[in-house]
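Peer 1: Residue-level listing of the chains:
2 protein chains.
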Amino acid sequence: MARWQPGTRERLQATALQLFATQGYDQTTVAEIAATAEVTERTFFRHFADKREVLFAGQDDFLGMFTGPIQAAPADARPFELVRLALDAAGAFFPEERRPWSRARQGIIDANPALGERELGKLQSLKVRLGEVLRERGVDEPAATIAAETAVTVFHLSFAQWIAAGEDRPFGAIASERLAALTAFVHPGR
Amino acid sequence: MARWQPGTRERLQATALQLFATQGYDQTTVAEIAATAEVTERTFFRHFADKREVLFAGQDDFLGMFTGPIQAAPADARPFELVRLALDAAGAFFPEERRPWSRARQGIIDANPALGERELGKLQSLKVRLGEVLRERGVDEPAATIAAETAVTVFHLSFAQWIAAGEDRPFGAIASERLAALTAFVHPGR
Chain R
3 MARWQPGTRE RLQATALQLF ATQGYDQTTV AEIAATAEVT ERTFFRHFAD KREVLFAGQD
63 DFLGMFTGPI QAAPADARPF ELVRLALDAA GAFFPEERRP WSRARQGIID ANPALGEREL
123 GKLQSLKVRL GEVLRERGVD EPAATIAAET AVTVFHLSFA QWIAAGEDRP FGAIASERLA
183 ALTAFVHPGR
Chain C
3 MARWQPGTRE RLQATALQLF ATQGYDQTTV AEIAATAEVT ERTFFRHFAD KREVLFAGQD
63 DFLGMFTGPI QAAPADARPF ELVRLALDAA GAFFPEERRP WSRARQGIID ANPALGEREL
123 GKLQSLKVRL GEVLRERGVD EPAATIAAET AVTVFHLSFA QWIAAGEDRP FGAIASERLA
183 ALTAFVHPGR
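First to last, the protein sequences are chains R and C. All you need for the numbering used here is the position in the first sequence, starting with 1, plus 2. All you need for the numbering used here is the position in the second sequence, starting with 1, plus 2.
Do not take every clue at face value.
Computed list of lysine-lysine pairs in BS3-like fashion (alpha-carbon distance at most 30 Å, straight line) [claimed, not checked]:
1. C/LYS129 <-> R/LYS129
2. R/LYS124 <-> C/LYS124
3. C/LYS53 <-> R/LYS53
Don't read these hints as lab results, they were simulated from the structure.
Given these sequences and hints, build the entire structure.
Peer 2: See the structure below:
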């Protein structure tokens with residue numbers, strides 16, 4: 003067994019997802035995941051803190067995907083433009099080839115309330131972090147929190163639609179549609 | 003002990019809240035609540051299904067407070083106007099004399115994760131129900147869900163501010179401020 007090889011992390015994720023889906027999340031051990039992926043447990047733990055984190059790895063990347071474009075935007079950009087930039091960036095984070103993984107992952111999360119809570123916690127962290135970067139850019143309260151919560155709502159609803167059965171439009175198109183619905187909702191005359 | 007008397011329900015709620023706050027939610031039994039309020043356990047159960055429901059009673063009233071004004075609105079009212087009507091009605095549901103109870107209740111919920119989940123479930127039910135009544139009025143998707151989620155976000159943030167330490171403005175003023183922040187966020191030019 004090689005101690006390190008390219009793609010090990012991805013193979014561990016694919017293997018774990020397969021085992022979670024076929025035999026249940028609670029019934030699957032790290033030892034099984036490692037053995038099935040043909041690595042040692044030690045290698046598993048070099049990539050993931052525990053089996054749950056196979057499903058939640060990359061939280062920093064996830065938060066950074068939203069906050070990076072906001073921090074890099076021109077100083078005079080309005081909060082709505084900042085949110086649009088963040089959602090555009092999310093499109094790059096959820097390319098077509100990721101959709102089957104995201105769908106399978108959601109199925110496992112939906113079947114396990116503790117994982118559902120962890121997922122809600124991830125969205126809550128995103129709200130808090132987005133509020134912070136907006137305030138750092140000089141957006142006042144309650145505008146910063148309203149913008150952050152609304153952005154996460156649009157993201158969450160877009161993601162849910164993106165992985166819905168039969169949906170084949172790209173993430174960006176779905177998110178744009180929802181941002182447009184928000185705009186129309188707030189000012190139907192425009 | 004009288005079998006029924008006006009105010010029994012309110013006395014049970016006040017007594018329970020007091021006991022939860024002083025000795026902890028988990029440590030408090032229905033028997034203690036009933037004895038302290040000087041009623042039988044049977045009387046307690048005539049008012050509440052269990053001790054948790056002392057904190058969550060009135061869910062139907064809560065949902066109806068939002069949906070009633072929407073269902074009663076003129077047929078040509080826009081979704082944003084419907085949401086504004088619902089939030090105005092919420093102001094009547096959270097009068098000044100309710101604020102100390104709401105603050106104490108929140109303290110108990112924050113100290114108990116299972117109660118926090120129940121509270122999130124209540125907000126989730128509100129989102130679902132609001133989406134339903136908006137669709138019944140002919141609002142399409144994704145507009146209905148966007149409107150429902152946004153309304154609950156504004157409600158939730160307004161409520162959190164209403165019970166924040168030092169806040170003394172009425173609920174309606176706080177909710178209006180947040181609706182205005184949402185409008186300014188989506189259409190900064192107006």
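Peer 1: With reference to the structure, classify each hint as holding or not holding.
Peer 2: Evaluation of the provided hints:
1. C/LYS129 <-> R/LYS129: 18 Å, holds
2. R/LYS124 <-> C/LYS124: Within the cut-off at roughly 20 Å; holds.
3. C/LYS53 <-> R/LYS53: 36 Å, violated
Consistency note: the structure conflicts with earlier hint 3 alone.
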